[in-house]
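Student: The chain contents come next:
Protein chains: 2
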Amino acid sequence: MAAKILKQLTGNMLIAQSGGPTVVINQSLVGAVLEAKKHKEIKKILGSLHGLKGILEENIIDLGKESTSELEAVANTPSSALGSVRKKPTPEDCVKVFSVLQKYNVRFFFYIGGNDSAETTHIINEEAKKNGYVMKCFHICKTIDNDLKENDHTPGFGSAAKFVAQAFMGDNLDNRALPGVKINVIMGRGAGFLTAASALARIYPDDGPHLIYIPERAFSLEKFVADVKGVFEKYKRCVVAVSEGIVDETGEPIASKFISEVDSHGNKQLSGSGALGDALAKEIKGKAQISRVRSDTFGYLQRSFAGLVSAIDAKEARLAGATAVKFACGGKFDNGSTAIKRAPGKTYKTWIERTELRNVAKETRHMPDEFINAAGNDVTPAFIKYATPIVGPLPKIGRFKGVKVTKA
Amino acid sequence: MAAKILKQLTGNMLIAQSGGPTVVINQSLVGAVLEAKKHKEIKKILGSLHGLKGILEENIIDLGKESTSELEAVANTPSSALGSVRKKPTPEDCVKVFSVLQKYNVRFFFYIGGNDSAETTHIINEEAKKNGYVMKCFHICKTIDNDLKENDHTPGFGSAAKFVAQAFMGDNLDNRALPGVKINVIMGRGAGFLTAASALARIYPDDGPHLIYIPERAFSLEKFVADVKGVFEKYKRCVVAVSEGIVDETGEPIASKFISEVDSHGNKQLSGSGALGDALAKEIKGKAQISRVRSDTFGYLQRSFAGLVSAIDAKEARLAGATAVKFACGGKFDNGSTAIKRAPGKTYKTWIERTELRNVAKETRHMPDEFINAAGNDVTPAFIKYATPIVGPLPKIGRFKGVKVTKA
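From first to last, the protein sequence lines stand for chains H and X.
Numbering-wise (this note's numbering), the first sequence opens with residue 50 and increments by one.
Numbering-wise (this note's numbering), the second sequence opens with residue 50 and increments by one.
Wrong hints could be hidden among the right ones.
The list makes no distinction among identical chains, and a pair is therefore deemed to hold if it is satisfied within one copy or across any two copies.
Dumping the calculated DSS-like pairs for lysine-lysine here, alpha-carbon to alpha-carbon at most 27 Å [as the list claims (entries may be wrong)]:
| id | residue 1 | residue 2 |
| --- | --- | --- |
| 1 | Lys-102 | Lys-334 |
| 2 | Lys-198 | Lys-136 |
| 3 | Lys-306 | Lys-331 |
| 4 | Lys-450 | Lys-152 |
| 5 | Lys-450 | Lys-375 |
| 6 | Lys-456 | Lys-86 |
| 7 | Lys-114 | Lys-102 |
| 8 | Lys-272 | Lys-334 |
Derived by calculation from the structure, the hints in this document are not laboratory data.
With the hints as extra help, turn the sequences into a complete structure.
Tutor: This is how it looks when you write it as structure tokens:
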């Protein structure tokens with residue numbers, strides 16, 4: 050489409066949030082709204098409640114009526130302030146969504162979410178094109194799973210990783226005080242990034258997590274038991290980080306032996322149950338003859354815990370929202386997705402680039418080989434280097450020198 | 050015993066930690082150590098590793114060798130820095146423990162823990178008396194369960210309650226974004242205080258937790274299902290807080306239908322498994338015909354999460370440790386436990402009193418009736434008033450005005 054048409058396009062903007070919430074997803078929302086206020090080609094700033102569902106039901110609010118202080122308060126609040134949805138639109142939904150957007154003279158559409166949301170944005174964009182309706186459709190990246198293609202990392206990951214790291218810092222010390230085997234199940238679906246972030250908790254050489262299992266390596270119950278036994282012999286204790294999405298050598302999720310629910314995108318419902326952790330704990334009790342074995346499933350706290358935010362994550366999430374609006378208000382593109390890029394080298398420097406929707410949609414990104422150790426049960430120093438600046442500073446941990454008293 | 054003998058007693062001090070860790074238990078330890086350094090009647094300051102176990106095995110460190118900066122770093126670190134233990138001493142253990150204490154010329158013994166630890170302190174004190182060995186035995190109160198008699202509240206509770214409140218603040222917003230039923234299982238054994246702290250998360254009238262079930266009221270699955278259905282009809286969503294220790298009308302723990310392990314004190318092992326939450330979620334799915342039902346068991350994070358501390362809790366924990374040493378260095382008592390007392394009235398004012406070991410040992414405290422609503426499924430404003438200053442300030446939460454756009 051001609052740059053002139055794109056540049057001169059004026060009309061209303063509609064923004065929505067989709068998929069699993071994060072603690073910084075409202076930063077992206079507010080970043081987009083505040084940026085939109087600067088562009089006179091954007092008239093009304095509308096927000097759809099619960100993503101596509103709000104469009105289909107015309108359940109829409111006027112975000113232009115929110116004051117800057119209200120917007121800033123929401124920006125610092127976890128979870129999707131507009132409400133979210135897990136909905137893969139049917140062909141009929143797409144027609145309906147497009148007709149509603151047209152009815153409200155929406156010429157700027159923004160969808161904040163993960164790869165499923167990028168796909169939805171792409172479908173809506175195609176529907177508009179098919180009907181010769183000029184509309185700009187942009188996807189704003191978000192996911193604690195950190196599994197979006199084209200992105201060095203995604204908004205939401207840093208804060209969730211900070212939660213996981215601080216949880217493991219404390220849990221490692223808890224396990225040190227009352228030794229045994231502790232298994233913690235972490236979110237992340239098919240990607241191991243969030244589970245890997247548990248490694249940031251380590252300070253002393255004997256600190257846990259001692260073993261880290263991620264979906265990028267086939268999980269074997271036999272090897273798992275042998276690994277735990279080995280660590281336990283060395284340290285008389287063992288802290289394990291396990292991804293909810295670990296799979297066996299055939300690609301079958303280990304959790305699926307215990308969990309059966311799926312969401313509307315056909316993804317297996319891996320969260321909201323303690324079944325995987327409990328099953329792994331039972332395995333260790335039975336096969337490794339260790340009596341004190343416990344499991345915790347960190348669950349939804351990882352993505353929604355109030356008051357625990359990575360400052361850099363919040364900043365980048367805000368920037369992703371604002372930059373999407375800048376892209377949309379330019380004359381170059383009528384669609385795209387925001388991607389966080391990072392400069393190579395020691396200094397942490399990131400920026401937001403536009404990428405094609407199809408580059409982000411559907412497929413997911415996995416932990417690169419250089420982040421995984423040879424045994425497939427830990428991360429490498431390269432991962433620590435990658436994740437540390439995204440998560441930011443962690444609490445300081447003290448330990449006694451512990452000068453032993455000679456037996457009397 | 051004559052005040053003069055007690056006052057003139059000199060010798061070594063030994064301190065240990067027992068039971069479940071908290072994020073402020075090291076504040077009590079460091080408070081005691083720093084106070085002990087001021088008293089010339091205390092010679093060596095020894096720390097036993099893993100409570101009684103360290104005494105039995107003579108696994109003892111010299112805390113006098115730790116610098117103030119090392120001590121302060123440990124004070125701000127979660128979980129028991131000396132290690133902990135869950136051990137009810139046998140009569141043979143008591144004889145052995147006493148002989149080791151005598152061998153190391155321990156005249157000042159401090160045990161940081163809950164009611165089981167108070168009982169242990171009492172037993173050791175009796176053994177010393179039986180043998181005519183002059184020794185001062187003090188218990189320093191600690192438990193996230195907040196279930197110690199004589200105490201308005203206990204060190205560790207405020208920080209754990211802060212974790213629970215912040216978790217519910219975020220989880221309520223997560224549930225608001227993706228509506229359904231969410232059940233969260235909270236620690237606390239037979240006392241409902243920690244579960245009740247979830248109520249501090251509420252800001253807006255429709256905020257969860259919408260239902261709170263505690264061990265002080267008999268739990269009925271039928272009433273639970275009816276309650277959830279009622280809330281769901283009203284709000285199209287429901288967030289539930291459930292104590293791990295809920296019991297049926299016969300006093301039988303609901304969790305015991307799914308969990309069988311017991312610890313050495315004969316207490317049922319209620320933590321470290323997601324079974325109760327999963328079972329309750331299954332009940333709602335089956336009986337209330339609600340499709341999106343999830344459960345999380347907050348688990349060990351509640352007592353050990355790094356970097357999340359109630360400032361007042363940390364301060365009081367430090368004071369409890371220091372005051373125990375002051376009590377022990379006086380001429381009035383050769384034993385006792387520290388209890389947090391609180392002035393009535395609007396201004397929050399607390400202090401530490403000495404109480405008899407037997408007043409704290411064995412028996413536990415429960416939520417008073419005035420903190421529980423008539424239906425037995427929520428707390429009262431009196432509880433909120435009680436808990437708010439102990440937990441301290443919580444994160445600010447923002448919400449859109451949400452001006453609806455008239456359907457086009």
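Student: Which earlier hints turn out false for this structure, listed by number in ascending order?
Tutor: none
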